[in-house]
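**Student:** Protein chains in written order, with the working numbering: chain P, 1 to 466; chain H, 1 to 466.
These are computed hints drawn from the structure, not numbers from a lab. Hints are not guaranteed to be accurate.
Which stretches of chain H does chain P cover? Using the computed rule of at least three CB atoms under 8 Å from a CB of chain P, they are [said to hold, decoys possible]:
1) 47-56
2) 76-88
3) 317-323
Now the stretches of chain P that chain H is said to cover, found in silico as 3 or more residues with beta-carbon under 8 Å [what the hints assert, rightly or not]:
4) 67-80
5) 365-373
6) 390-398
For every residue, glycine included, the Cβ atom is placed at its ideal position computed from N, Cα and C.
There are 2 protein chains.
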Amino acid sequence: MDLRRLGARAATLALVAGIWFWPVPAGLTVQTWHLFAIFVGSIFAVVAGALPIFTASVFAAGAVILSGTLSPAKAYAGFANGTILLIVIAFLVARAVVKCGLGERLGYLVVTVFGRSTLGLGYSLFLVDAVIAPAFPSNTARGGVLYPIAFSLAKAGGSNPDEATRKRMGAFLMFCGMASLTVSSGLWLTAMAANPVGAEIARNFGLKIDFVSWLVASSVPSLLALATLPVFIYKIFPPEVTKTPDAPSEARAALRKMGSLSTEEKIVAVTFLAMVILWAMSGTLKLDSTAIAFTGLGVFLATNVLTMKDIAQEGEVLATFIWFAVLFSLSAQLNELGFMGYLGERLAGALGGLPWLGAFAVLLVAYILMHYLFVSQTAQMLALFGVFLDVGVKLGVPAGILAFSLLFATNYFSAITPQGSSANIMFAGSGYLTQGELYRLGAIITAFLFILHLVIGTPWLMWVTR
Amino acid sequence: MDLRRLGARAATLALVAGIWFWPVPAGLTVQTWHLFAIFVGSIFAVVAGALPIFTASVFAAGAVILSGTLSPAKAYAGFANGTILLIVIAFLVARAVVKCGLGERLGYLVVTVFGRSTLGLGYSLFLVDAVIAPAFPSNTARGGVLYPIAFSLAKAGGSNPDEATRKRMGAFLMFCGMASLTVSSGLWLTAMAANPVGAEIARNFGLKIDFVSWLVASSVPSLLALATLPVFIYKIFPPEVTKTPDAPSEARAALRKMGSLSTEEKIVAVTFLAMVILWAMSGTLKLDSTAIAFTGLGVFLATNVLTMKDIAQEGEVLATFIWFAVLFSLSAQLNELGFMGYLGERLAGALGGLPWLGAFAVLLVAYILMHYLFVSQTAQMLALFGVFLDVGVKLGVPAGILAFSLLFATNYFSAITPQGSSANIMFAGSGYLTQGELYRLGAIITAFLFILHLVIGTPWLMWVTR
Numbered sequence: 001m002d003l004r005r006l007g008a009r010a011a012t013l014a015l016v017a018g019i020w021f022w023p024v025p026a027g028l029t030v031q032t033w034h035l036f037a038i039f040v041g042s043i044f045a046v047v048a049g050a051l052p053i054f055t056a057s058v059f060a061a062g063a064v065i066l067s068g069t070l071s072p073a074k075a076y077a078g079f080a081n082g083t084i085l086l087i088v089i090a091f092l093v094a095r096a097v098v099k100c101g102l103g104e105r106l107g108y109l110v111v112t113v114f115g116r117s118t119l120g121l122g123y124s125l126f127l128v129d130a131v132i133a134p135a136f137p138s139n140t141a142r143g144g145v146l147y148p149i150a151f152s153l154a155k156a157g158g159s160n161p162d163e164a165t166r167k168r169m170g171a172f173l174m175f176c177g178m179a180s181l182t183v184s185s186g187l188w189l190t191a192m193a194a195n196p197v198g199a200e201i202a203r204n205f206g207l208k209i210d211f212v213s214w215l216v217a218s219s220v221p222s223l224l225a226l227a228t229l230p231v232f233i234y235k236i237f238p239p240e241v242t243k244t245p246d247a248p249s250e251a252r253a254a255l256r257k258m259g260s261l262s263t264e265e266k267i268v269a270v271t272f273l274a275m276v277i278l279w280a281m282s283g284t285l286k287l288d289s290t291a292i293a294f295t296g297l298g299v300f301l302a303t304n305v306l307t308m309k310d311i312a313q314e315g316e317v318l319a320t321f322i323w324f325a326v327l328f329s330l331s332a333q334l335n336e337l338g339f340m341g342y343l344g345e346r347l348a349g350a351l352g353g354l355p356w357l358g359a360f361a362v363l364l365v366a367y368i369l370m371h372y373l374f375v376s377q378t379a380q381m382l383a384l385f386g387v388f389l390d391v392g393v394k395l396g397v398p399a400g401i402l403a404f405s406l407l408f409a410t411n412y413f414s415a416i417t418p419q420g421s422s423a424n425i426m427f428a429g430s431g432y433l434t435q436g437e438l439y440r441l442g443a444i445i446t447a448f449l450f451i452l453h454l455v456i457g458t459p460w461l462m463w464v465t466r
Numbered sequence: 001m002d003l004r005r006l007g008a009r010a011a012t013l014a015l016v017a018g019i020w021f022w023p024v025p026a027g028l029t030v031q032t033w034h035l036f037a038i039f040v041g042s043i044f045a046v047v048a049g050a051l052p053i054f055t056a057s058v059f060a061a062g063a064v065i066l067s068g069t070l071s072p073a074k075a076y077a078g079f080a081n082g083t084i085l086l087i088v089i090a091f092l093v094a095r096a097v098v099k100c101g102l103g104e105r106l107g108y109l110v111v112t113v114f115g116r117s118t119l120g121l122g123y124s125l126f127l128v129d130a131v132i133a134p135a136f137p138s139n140t141a142r143g144g145v146l147y148p149i150a151f152s153l154a155k156a157g158g159s160n161p162d163e164a165t166r167k168r169m170g171a172f173l174m175f176c177g178m179a180s181l182t183v184s185s186g187l188w189l190t191a192m193a194a195n196p197v198g199a200e201i202a203r204n205f206g207l208k209i210d211f212v213s214w215l216v217a218s219s220v221p222s223l224l225a226l227a228t229l230p231v232f233i234y235k236i237f238p239p240e241v242t243k244t245p246d247a248p249s250e251a252r253a254a255l256r257k258m259g260s261l262s263t264e265e266k267i268v269a270v271t272f273l274a275m276v277i278l279w280a281m282s283g284t285l286k287l288d289s290t291a292i293a294f295t296g297l298g299v300f301l302a303t304n305v306l307t308m309k310d311i312a313q314e315g316e317v318l319a320t321f322i323w324f325a326v327l328f329s330l331s332a333q334l335n336e337l338g339f340m341g342y343l344g345e346r347l348a349g350a351l352g353g354l355p356w357l358g359a360f361a362v363l364l365v366a367y368i369l370m371h372y373l374f375v376s377q378t379a380q381m382l383a384l385f386g387v388f389l390d391v392g393v394k395l396g397v398p399a400g401i402l403a404f405s406l407l408f409a410t411n412y413f414s415a416i417t418p419q420g421s422s423a424n425i426m427f428a429g430s431g432y433l434t435q436g437e438l439y440r441l442g443a444i445i446t447a448f449l450f451i452l453h454l455v456i457g458t459p460w461l462m463w464v465t466r
């Protein structure tokens with residue numbers, strides 16, 4: 001083993017031990033503090049390159065239980081979480097879309113319109129996402145629609161999830177998929193489950209946020225992000241293949257060669273369309289998105305579009321399931337034990353005396369940075385939005401500006417870590433992106449979106465909420 | 001698709017619809033009745049060959065939720081079950097034991113002693129299991145020890161989980177592994193989690209069951225089963241390779257050729273031994289077996305004995321995880337909604353007027369047959385043992401005989417379906433056995449053990465509980 005990795009492991013152990021044996025801050029239980037040590041340690045191990053995220057999570061699961069920090073039931077709770085299961089099943093569904101050739105066909109269709117450059121393909125993902133977003137209250141389900149398209153576009157460009165070709169187009173497109181969801185989710189009130197809940201909480205502060213007022217407030221920063229983020233990612237993380245002037249005509253030729261839809265493609269097209277429609281209406285009809293995915297998967301299996309041999313190759317999905325469920329459980333418990341609220345209140349308390357604009361900026365930065373500890377956007381919003389809004393208003397920050405800013409941040413900070421949103425997981429787990437790239441790019445685009453919202457969005461919010 | 005399968009699917013649909021629209025029996029809710037329809041339908045689909053168990057479970061998950069029969073939280077609860085997670089992690093741990101070569105070495109060692117015939121290898125599994133059983137309150141964890149040995153024995157015999165060679169030795173050995181657990185678990189009070197709980201319940205009926213009185217009561221039927229079951233399985237499900245007179249000397253030669261333990265084998269040997277010791281002491285030290293497995297897996301990953309590439313090939317473990325968790329949740333809910341108790345009481349009520357020996361036999365048969373509906377031995381014991389014991393005593397059956405008989409049945413009926421015990425899952429999911437074989441052999445050996453216990457065990461119980 002190389003020395004760098006050994007050093008990173010020693011540093012991880014030192015960090016965990018250092019926090020573990022540090023005097024427990026007043027207001028926290030020993031149990032909460034120990035959970036914090038293990039959780040921070042596992043995130044640090046991944047960022048520092050000491051362990052892959054799967055290994056770090058497996059150790060964390062063992063450690064929290066064997067040390068008596070969490071009960072087994074609490075540590076394993078994430079495995080039964082419907083959203084996490086949705087990711088698992090959506091991965092298998094995506095495999096069917098790709099396997100039968102429909103993904104390729106969709107990819108070629110997109111290429112005929114946007115395919116003159118890899119950047120064009122990136123924009124096409126952002127556009128498709130933004131257009132379908134208001135109908136999708138689950139951004140994870142929306143990721144389940146975007147992912148097979150991005151995957152097929154990469155494949156069509158000769159980019160596979162291996163070291164040799166992943167950076168040709170795939171790595172760029174996968175990160176565009178994740179980044180796109182951060183923007184589309186903030187654009188519409190109904191594009192992410194936490195948005196309407198946040199609007200409801202804001203009502204306690206005398207704010208009335210509906211579909212239209214949300215759209216007005218989000219329009220300027222979100223549309224600006226939509227216009228600039230793909231090209232920004234393109235600059236900081238350029239694909240190896242950039243110009244593909246002949247791609248549209250090649251794609252047309254390939255489409256002609258593919259001929260009409262095969263039986264398998266028709267089955268997948270009809271089933272997948274039905275799933276998309278049901279996912280979009282799941283809020284209205286009160287249908288469980290995961291159960292819709294289960295049923296669709298069942299259709300693919302019963303019609304032999306997917307076979308048990310295909311499933312047998314999806315061990316990476318199992319790995320993703322395990323690490324995400326474990327980290328999700330730990331983060332949820334950290335929150336439930338009051339650690340998050342404690343941190344928020346401590347931070348807010350330190351801000352007394354600042355002018356409102358300063359307090360506003362610091363609160364926002366703190367809210368965003370704390371997302372390093374959360375494995376769910378909705379969980380952080382539920383845990384901290386009310387606290388931060390309350391503190392900010394007491395410090396003189398106008399409620400409307402702060403509320404919208406925090407709710408938008410709840411969307412645009414989702415890519416700050418690969419596990420920061422369940423909607424990321426398919427892209428992060430695609431094999432096209434390394435953990436190092438995910439953390440680095442996640443931090444950069446979150447900073448980019450923060451500055452964009454602060455500099456352009458805040459004056460706009462001051463004007464629309466005046 | 002062949003007509004047979006199409007017919008089986010039509011029959012499944014007809015069965016589900018038939019039960020679904022049947023007038024709901026008094027004493028049950030509509031919800032319970034619908035859950036029963038879906039659960040029976042998915043088991044029937046597997047037995048009739050309409051769908052693989054994975055597909056049937058995936059449909060069942062979608063159906064129970066979309067029809068409003070179960071809430072998503074209840075339908076997904078099984079995914080967070082510690083025992084099910086133990087199976088998942090034990091599968092990955094077993095992979096490490098096999099991959100590093102230690103499994104092969106252990107296999108050769110067993111062969112040098114028992115290897116003159118495949119039947120001898122079968123007996124060696126039963127013996128190892130019976131000897132280590134009193135230290136293992138989790139028969140699933142014990143399966144995690146036996147499975148890599150059985151797998152390595154099969155591999156060493158040139159038998160892989162494919163159609164061409166699976167029946168050479170592997171299919172026989174895997175079923176021996178499952179069958180062995182049905183016997184070893186009943187032999188000792190502490191060999192299965194439900195045994196001491198059952199003894200506790202029996203206390204309400206004036207019975208005092210401790211380690212020694214359990215062993216005395218179980219000794220005759222269990223040791224007889226140990227002596228006869230391997231040869232019985234050998235007769236009804238013969239391996240293609242039976243005599244291997246040169247195998248012991250070949251194994252010794254192979255061991256010499258392997259030389260001393262490699263670094264990886266040492267890591268696995270020490271870690272696995274530590275896991276086995278901790279599993280055995282988990283009851284005393286109050287350690288979670290699953291967390292022990294998680295930690296062991298972490299060691300294998302951190303030392304590169306297992307890599308992420310190995311995990312990526314374990315898609316079948318994901319499939320097993322999903323189908324078992326779904327069926328487990330459905331069965332647990334069927335029980336929680338009172339269906340099982342209802343059935344038990346109905347059956348018992350019909351027995352009034354029978355002589356005690358007749359009532360005893362019918363109660364026992366009913367208890368065993370009802371295990372077709374249960375996806376956990378402990379759950380059935382908790383749900384029905386008290387009810388059946390109560391009814392039997394009222395009908396004049398001696399409490400001691402009935403209590404022991406039901407508790408022994410709770411162990412020996414575990415292989416009646418592949419999902420009848422979490423301890424089965426690794427063997428059933430090994431790829432060596434088809435669903436058809438599992439159901440057929442499961443039914444036959446359960447009948448064999450029932451008759452053995454009834455004919456030999458009952459007189460013995462009459463004598464020891466006199």
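**Student:** Enumerate the violated hints, using their earlier numbering and listing them in ascending order.
**Tutor:** As far as the earlier hints go, 5, 6 are violated by this structure, in ascending order.
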